[in-house]
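Produce the complete structure using the sequences and hints provided.
Number of protein chains: 2
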Amino acid sequence: MVPSFIYAICFLAIIVAFAFAAYLYLWVKQQKAVNKEILRVSRLIKDGANTFMAREYKILTIFAGVAAIIIFLILPQPIWQGKFLDNLSMALAYIAGTILSAIAGKIGILVATLANARTAEAAEKGIKPAFLVGFRGGAVMGLAVVGFCLLGVMAVLMITSDASILLGFSFGASSLALFAKAGGGIFTKTADVSADLTGKVELGIPEDDPRNPAVIADNVGDNVGDVAGMGADLFDSNVAAMTSALVISQSLTGYEQAGASMVFCYSALGLIASILGIASARIGKNGNPTKALNSSTYVTTGIFVLLSALATYLIEGFDWRIWGASTVGLLVGVVIGLTTDYFTDDSKPIVQKVAKASQSGSAFTVLSGVSYGFISALPAMIGIAVSALVAYKLCEPMGTTYALFGIAMAAVGMLSIVGMIIGNDAYGPIVDNARGLAEMGGLGEETIRIADELDSAGNTVKAVTKGFSIGAAGLTVISLLGAYMSEVNATLASLGRELITGFDIMDPTVFFGVLIGAAVPAVFSAMLILGVDKNAQRMVAEIHRQFREIKGLKEGKPGVKADYDKCIDIATTGALRELIPAGAMAILSTIIVGFIGGVLAIGGFLLGNIVSGLLLALFMSNAGGLWDNSKKYIEAGNEGGKGSKAHKAAVTGDTVGDPFKDTAGPSINTQITVVSLVASLLSSLFVALSIF
Amino acid sequence: MVPSFIYAICFLAIIVAFAFAAYLYLWVKQQKAVNKEILRVSRLIKDGANTFMAREYKILTIFAGVAAIIIFLILPQPIWQGKFLDNLSMALAYIAGTILSAIAGKIGILVATLANARTAEAAEKGIKPAFLVGFRGGAVMGLAVVGFCLLGVMAVLMITSDASILLGFSFGASSLALFAKAGGGIFTKTADVSADLTGKVELGIPEDDPRNPAVIADNVGDNVGDVAGMGADLFDSNVAAMTSALVISQSLTGYEQAGASMVFCYSALGLIASILGIASARIGKNGNPTKALNSSTYVTTGIFVLLSALATYLIEGFDWRIWGASTVGLLVGVVIGLTTDYFTDDSKPIVQKVAKASQSGSAFTVLSGVSYGFISALPAMIGIAVSALVAYKLCEPMGTTYALFGIAMAAVGMLSIVGMIIGNDAYGPIVDNARGLAEMGGLGEETIRIADELDSAGNTVKAVTKGFSIGAAGLTVISLLGAYMSEVNATLASLGRELITGFDIMDPTVFFGVLIGAAVPAVFSAMLILGVDKNAQRMVAEIHRQFREIKGLKEGKPGVKADYDKCIDIATTGALRELIPAGAMAILSTIIVGFIGGVLAIGGFLLGNIVSGLLLALFMSNAGGLWDNSKKYIEAGNEGGKGSKAHKAAVTGDTVGDPFKDTAGPSINTQITVVSLVASLLSSLFVALSIF
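Listed in order, the protein sequences are those of chains A and B. Everything in the first sequence is counted per the numbering used here, starting at 1 for the first residue and increasing by one. Everything in the second sequence is counted per the numbering used here, starting at 1 for the first residue and increasing by one.
Take the hints with a grain of salt, since some may be wrong.
[What the hints assert, rightly or not] With beta-carbon atoms standing in for the labels, derived distance ranges:
{"no.": "1", "chain 1": "B", "residue 1": "Thr573", "chain 2": "A", "residue 2": "Phe692", "range": "50 to 56 angstroms"}
{"no.": "2", "chain 1": "B", "residue 1": "Arg548", "chain 2": "A", "residue 2": "Asp565", "range": "55 to 61 angstroms"}
{"no.": "3", "chain 1": "B", "residue 1": "Tyr313", "chain 2": "A", "residue 2": "Lys534", "range": "51 to 57 angstroms"}
{"no.": "4", "chain 1": "A", "residue 1": "Lys534", "chain 2": "B", "residue 2": "Asn286", "range": "37 to 43 angstroms"}
{"no.": "5", "chain 1": "B", "residue 1": "Met585", "chain 2": "A", "residue 2": "Arg40", "range": "52 to 58 angstroms"}
{"no.": "6", "chain 1": "B", "residue 1": "Leu73", "chain 2": "A", "residue 2": "Leu306", "range": "50 to 56 angstroms"}
{"no.": "7", "chain 1": "A", "residue 1": "Thr61", "chain 2": "B", "residue 2": "Glu498", "range": "54 to 60 angstroms"}
{"no.": "8", "chain 1": "B", "residue 1": "Glu498", "chain 2": "A", "residue 2": "Gln257", "range": "34 to 40 angstroms"}
{"no.": "9", "chain 1": "B", "residue 1": "Ser494", "chain 2": "A", "residue 2": "Gly399", "range": "29 to 35 angstroms"}
[As the list claims (entries may be wrong)] Calculated pairs, DSS-like style, for lysine-lysine (alpha carbon to alpha carbon, straight line, at most 27 angstroms):
{"no.": "10", "chain 1": "B", "residue 1": "Lys348", "chain 2": "A", "residue 2": "Lys534"}
{"no.": "11", "chain 1": "A", "residue 1": "Lys46", "chain 2": "A", "residue 2": "Lys106"}
{"no.": "12", "chain 1": "B", "residue 1": "Lys554", "chain 2": "A", "residue 2": "Lys645"}
{"no.": "13", "chain 1": "B", "residue 1": "Lys648", "chain 2": "A", "residue 2": "Lys632"}
{"no.": "14", "chain 1": "A", "residue 1": "Lys348", "chain 2": "B", "residue 2": "Lys534"}
Treat the hints as calculated values from the structure; they're not laboratory data. By construction, the Cβ of each residue, glycine as well, lies at the ideal position given by its N, Cα and C atoms.
Here you go:
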């Protein structure tokens, strides 16, 4: 279906990406790592992360096994209706989706737990070498995710020649993302909140103090939440964007081949652009790491725009309107990132205003943060709305289906530079860990200061990449809505029934779906936050037990060690236990609404889910980032500095913001994708069996 | 158009309501009021409330004057296109809408500031007489609002015979509600927060201590926010529900007369049911005031269902399906109220869980409150969704327009008992004030205890009435969406253009509107909360100045009085100043989206606005009520009681919740209605002039 030279470009990009990732991995591995204490702690972190992932993957195996059997039995059509091979392909594609995403996550953890110690030691020599270790460590993850993503989508399509089977692959990626992102998010915040509550608040010992039994779990959390979780999240978005573009391209009569080729070609070019962007990253001797991270993003963006223009010019059938849609998507993604930065950067007025409000007490920290968090959602919502509208209108002259394809290509364009984005994001936990290791390894004040500077850049950039990833998820799910309608109409056509032309909000079944769909992300995030809450209570009890029962631990007697494993264990078990009801609630409500209101209600349900999901995700991520940075701003000596009344209030804000920005907010993306895919996959059942 | 015997029933209901209200007013006035200090303070509160309202009405006169001129010039069609009389009617209807709502608010304040002192003194004799004074005082407001509402709608329709002109009347009511509810909400929370911060937190003096310069402003706030504001809000919802039902009834070919008759007849019967419910309210000597308030609501509900069934049976043309729709609306309203109660009543588990979480610090109070607040939105959203769906499906066999009319009648049904609801709601600030007056008048512990019990019932019932009013607003705006489409199609028909059949979410212009519409309530509430914040800072500075400059005030030297007026002045000026940008933002974004995306984008905009508005309004109102009551639960001696760590955390929760539940949450209703009416009114302009 897709011409072989396009596949060749993809293969080439994948091979170069893997080779480059391997080179970076070896380069990181070769860096100096000699401090015994650092190596010991770094090993503890690595083991902890592996424990969590092993447990997670075990539960996931059961979940995915059951899901694969269900898929095999009923999707795309009930197996007793005859298409055995289609069902088998779908089930296998599903399993492949989970496995490829899991491997990418595993690689990310591997390199991140290697890079953290080496970044800490490199910081002894200055910011330049330390930055490079952290950045290149993150880049390995970025390249692995995008490489596996492209490889998987291509393989499924080459083998089955049916883009609908990709929905199974995409659902596999989403299932994993749900576990990795929401589970990892609960893990990381359980550990973070418990460590802060018992360490900083109760005992007054610094962050990363080795006496605190939760300190290793906290560092593990950064890796499983931000490296593996964020990677799985963007793997999921990227697969979903490609899938929906490819599903819609099947309905572009006469243009199926060119449409699908554009999807693959642009994705491959995005990967190449990311490789060049990563290779070009540089920082001066006393350079600013935030600037270095951002400038490599701009370089990647620029290269992609040029390469994709070149490809559109050279390759027959590639259309400038569709190129325009993809470029608009990418540019809007960058703009969303920048506006997020405005609301969460501590050199900008908003963070400073919240810090100032903290002087009147914690209620005002919370109120002002909530308010600016709500306001911060507006530019991103406008950005997503405008890019969808422009992409549609640009491609509309080619036909209505092309216009939908345009929106999907805007999502593909926005996600083209995702390799770079994941790299920047994974940089965050690596340097965050490095800071902790530098402290625990006793590397001296100057090294800790450098590590701090790298960490602060990580936090700033994380806000930007989060905004970007929510924007990308927004556009992706809009195009998934298109894919859903394509699936519904395919079923209706096969039954000889009248096709649907859309979802009219004046239809009360659609409206019914919209209202319920809108409530789901709110309930989902509430369940995750309450999960963190409950789990943190368990862990705090365990920390108190250790302080009580392990003699000499509290006082820091040499040779007395905390039982770190127990805390990791609690975080792991609890995270997976709290995650499952939330995920089940989202999936079950989709199924219930579908069986009550049918395919029209589900159309509304998806819309409500997308809209309120985007609003809440943006609100929570930005408010969380805002509180985090206003605490740091105060700690830097403003508004009374550390220990002042304002600081105490800011700590409350930060604690509220932690599960907002690292658990609930970014998990909503995944919830939306999961729900959209469940809807598409079950659409034929909803057509057949529904009350209204 | 409507037969005269229906109008006769309405007139009769209005006359009985006004006569009964006059009787209750005189009864309240006759109650004992002899304590000099109480009378003095009560007079201060009355004067303060009148100052605010005078200032508010002055600004409103300018605003309404300008709006009336604009309406006269361009609505329903530009005046240069010839229909001078229509434009004049519209402008006059608009002015009538503001004036009637203002008069009702004025009456409410009059009786509330009379009843507060008398309730306090009656409490010396026991809970039974005190309850009656408070309840009957509130009932006057309820009867006045519904009476004026019915009178106004009837008058406009009798004079113009054109339901579209009612949109002008409804917009007038909304304009007033925006000022009264959002302005009053900012006022009341400015005073409350400042009084708490300086009194309870800084000085450790009790609530309602006369040394605090903000204490009168705080009591004034209860009246202007909860009596006048809530009254204007429900006046607005009630008018909007009747208006949209009447606008849609114009398109019921052959059924216009019966449809309109049902709207009027049901509204009149609801008023009669409320009168009977109010008259039947009783409480035993040691009775439970919450039960008494709730049982009179149930009595009213039961009477209305019976009366409306009787009318449907007796009157020719009245249809049982439409009666069913109205009954479903009413029952769902009651259910929403009950679920709200579950989340906010301190004898139920949720409030107790939040109180327990407070033991770990204020961040956990906030996190658990936010989480349960989000979850609490779900049952109400389901309730609204189900009632709209059932109402539609019930009436669908009669035709699609009947189905839309069914939804509008569900809203009319839900709002039929609004007289009772407003009465219960206005009871709250009366007894709240009475509690303060009992303290300031030195009426002794037992009297204060009784006043406290009455106050606590007021808080519980307030949560229920708020849930109810949000539910009612939800159904109302759904039917306003129907009214909007009717208006658009009327314009398109007059231009000979193709009619629209709905708003398809797959159309990117609609989708564009949805995303932006969804962001507006978030930004609107953020602006109001920040407004409270800013205004409270001004007032705190003033209180500090008074403590510094008025010698002996802090120490409570006899004869030294605080300058209460200055605080009232700050609250008044600030409230109106902070409100205007938020209102302008909502109206302007409607206009901008309309001129960019045209009528389809506005359809989406309204949907997004309704959905996210409902979600946020429910979240904020319920979370606020939840925090308030968990603070009270701790103060009653649980989880460590007053002064404990948990109590401090709960105070933070309560302070966060105050502007949530009394400023932003309930103002979102009004914002949605205003935006819906602006959209309907300007629809012909959007048809004529838009980019896409």
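task = Hint by hint, work out which the structure violates, then give me just those numbers in ascending order.
result = Of the numbered hints given earlier, the structure breaks none, since each of them holds.
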